[in-house]
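Sequence order for the protein chains is F and E. Going by the working numbering, the first sequence opens with residue 462, and the numbers climb by one from there. Going by the working numbering, the second sequence opens with residue 462, and the numbers climb by one from there.
These are calculated hints, taken from the structure and not from any lab test. A portion of the hints provided could be inaccurate.
Identical chains blur together in the list; that is why a pair holds if it fits in one copy or across any two.
[Claimed, not checked] Below, computed lysine-lysine pairings styled on DSS-like, alpha-carbon distance capped at 27 Å: (1) 577 x 533; (2) 577 x 545; (3) 566 x 577; (4) 656 x 540; (5) 533 x 605; (6) 557 x 630; (7) 557 x 656; (8) 540 x 630; (9) 566 x 520; (10) 605 x 545; (11) 545 x 519; (12) 545 x 557; (13) 533 x 557.
All values reported here derive from a predicted model rather than from experimental measurement.
Protein chains: 2
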Amino acid sequence: MNVNYPNGKRYIPKESKTVSNANSKLNLTYSNRGMTLEEDLNETNEYYRERRIAVIHKKPTPVQIVQVDYPKRSAAVIKEAYFKQASTTDYNGIYKGKYIDFEAKETQNPTSFPLKNFHQHQIDHMEDVLNQGGICFVILRFSKYEQVYLLEAAHVLTFWRRMTNGGRKSITKAEIEQYGYLIPLGFQPRIDYIKVIDTLFYSA
Amino acid sequence: MNVNYPNGKRYIPKESKTVSNANSKLNLTYSNRGMTLEEDLNETNEYYRERRIAVIHKKPTPVQIVQVDYPKRSAAVIKEAYFKQASTTDYNGIYKGKYIDFEAKETQNPTSFPLKNFHQHQIDHMEDVLNQGGICFVILRFSKYEQVYLLEAAHVLTFWRRMTNGGRKSITKAEIEQYGYLIPLGFQPRIDYIKVIDTLFYSA
Numbered sequence: 462m463n464v465n466y467p468n469g470k471r472y473i474p475k476e477s478k479t480v481s482n483a484n485s486k487l488n489l490t491y492s493n494r495g496m497t498l499e500e501d502l503n504e505t506n507e508y509y510r511e512r513r514i515a516v517i518h519k520k521p522t523p524v525q526i527v528q529v530d531y532p533k534r535s536a537a538v539i540k541e542a543y544f545k546q547a548s549t550t551d552y553n554g555i556y557k558g559k560y561i562d563f564e565a566k567e568t569q570n571p572t573s574f575p576l577k578n579f580h581q582h583q584i585d586h587m588e589d590v591l592n593q594g595g596i597c598f599v600i601l602r603f604s605k606y607e608q609v610y611l612l613e614a615a616h617v618l619t620f621w622r623r624m625t626n627g628g629r630k631s632i633t634k635a636e637i638e639q640y641g642y643l644i645p646l647g648f649q650p651r652i653d654y655i656k657v658i659d660t661l662f663y664s665a
Numbered sequence: 462m463n464v465n466y467p468n469g470k471r472y473i474p475k476e477s478k479t480v481s482n483a484n485s486k487l488n489l490t491y492s493n494r495g496m497t498l499e500e501d502l503n504e505t506n507e508y509y510r511e512r513r514i515a516v517i518h519k520k521p522t523p524v525q526i527v528q529v530d531y532p533k534r535s536a537a538v539i540k541e542a543y544f545k546q547a548s549t550t551d552y553n554g555i556y557k558g559k560y561i562d563f564e565a566k567e568t569q570n571p572t573s574f575p576l577k578n579f580h581q582h583q584i585d586h587m588e589d590v591l592n593q594g595g596i597c598f599v600i601l602r603f604s605k606y607e608q609v610y611l612l613e614a615a616h617v618l619t620f621w622r623r624m625t626n627g628g629r630k631s632i633t634k635a636e637i638e639q640y641g642y643l644i645p646l647g648f649q650p651r652i653d654y655i656k657v658i659d660t661l662f663y664s665a
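Let the hints inform the model, and build the full structure from the sequences given.
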């Protein structure tokens with residue numbers, strides 16, 4: 462089980478158990494907080510914005526509004542609406558002048574990440590962003606291990622194509638460990654994905 | 462009445478009437494279509510995406526969802542929700558690797574653009590984006606004249622500060638003509654704002 466850390470060094474634990482041991486301290490302070498991946502990323506992005514590190518926001522959930530009431534002397538009430546499929550990824554923004562774009566998903570599956578977490582629109586969008594020279598990736602959380610990985614969109618596209626060509630419908634955890642990067646987790650920021658971006662795109 | 466065209470040349474009409482004459486052809490083909498500024502920009506962005514010119518999307522309208530019903534064998538229905546104030550501008554994306562961010566507003570006012578069309582969150586966001594080296598601006602439509610201007614965020618911030626310091630609560634049309642750029646309108650794309658961006662940021 463080889464893990465790429467953002468410092469570019471390969472982390473080779475002595476045995477599989479070491480990984481969960483290494484995370485046991487984190488488990489106390491971090492994982493049992495009942496926070497969702499979205500909440501953690503929102504707090505992380507707020508941390509980045511407050512410190513002028515990066516300006517990244519989650520897009521609002523797309524909703525098809527059907528009926529709105531306008532009661533006198535109070536706010537408009539949406540009385541009927543439906544969830545729409547997003548046409549892009551959920552998060553985007555700017556870091557050091559560069560366009561940043563990502564989707565974040567979690568799975569309970571201990572051994573692989575099901576590709577049904579993404580849909581064709583999002584895959585097309587990732588391809589569009591890469592064509593324009595943007596920085597595009599996914600953030601994948603294995604909730605069972607409290608591990609969060611950054612996987613560049615180029616790899617996601619490769620695994621997506623493998624599926625559409627009749628191959629497996631998921632990315633194995635081993636593949637994510639090989640091609641992705643384990644994101645440092647902490648208290649502030651919670652999911653320090655900019656650290657990985659720095660190593661990938663801004664270090665010598 | 463001096464207008465900056467995206468080619469950098471100053472357009473000086475012989476008399477005021479010339480401008481409306483120059484637009485009369487556009488009025489036939491363009492303005493009487495009953496399209497909103499948002500629809501025009503969505504079609505423009507689709508045009509850019511299809512031709513791989515730029516990847517720019519409008520963010521969904523932010524909604525605070527209060528109650529959702531999950532009927533058997535049919536889609537979840539949102540039964541109670543409220544409109545939330547946006548924490549950012551409405552449009553963002555990527556052009557030639559660069560982060561692009563803008564807000565679009567229209568006014569019926571023939572002589573000035575009221576600043577109440579913006580709110581503090583959006584102004585703060587524009588400042589954040591400029592600090593990160595992004596390309597940030599507003600698109601302003603004077604619906605009375607079918608004129609659409611691009612005004613860089615730096616100027617918007619200046620006029621906003623003038624207001625918060627007790628000055629006028631709007632940007633005069635003359636100021637927008639002086640500091641902004643008239644965007645070419647057409648059939649495809651409808652509001653070719655990338656042409657202005659090219660002149661401002663990518664031409665020698």
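Here's how the hints hold up against the structure:
1. 577 x 533: This pair counts as between: shortest inter-copy Cα distance 23 Å, intra-copy 45 Å.
2. 577 x 545: within (17 Å within a copy, 30 Å between copies)
3. 566 x 577: Within one copy only: 11 Å inside, 38 Å across.
4. 656 x 540: neither (43 Å within a copy, 41 Å between copies)
5. 533 x 605: Neither way: residue 533 and residue 605 sit 50 Å apart in one copy and 31 Å across, limit 27 Å.
6. 557 x 630: Answer is neither: 35 Å inside a copy and 33 Å across each miss the 27 Å cutoff.
7. 557 x 656: For residue 557 and residue 656, both the intra-copy (13 Å) and inter-copy (24 Å) Cα distances are at most 27 Å.
8. 540 x 630: neither (38 Å within a copy, 35 Å between copies)
9. 566 x 520: both (15 Å within a copy, 20 Å between copies)
10. 605 x 545: Close neither inside one copy (29 Å) nor across copies (34 Å); limit 27 Å.
11. 545 x 519: both (16 Å within a copy, 14 Å between copies)
12. 545 x 557: neither (32 Å within a copy, 29 Å between copies)
13. 533 x 557: neither (47 Å within a copy, 48 Å between copies)
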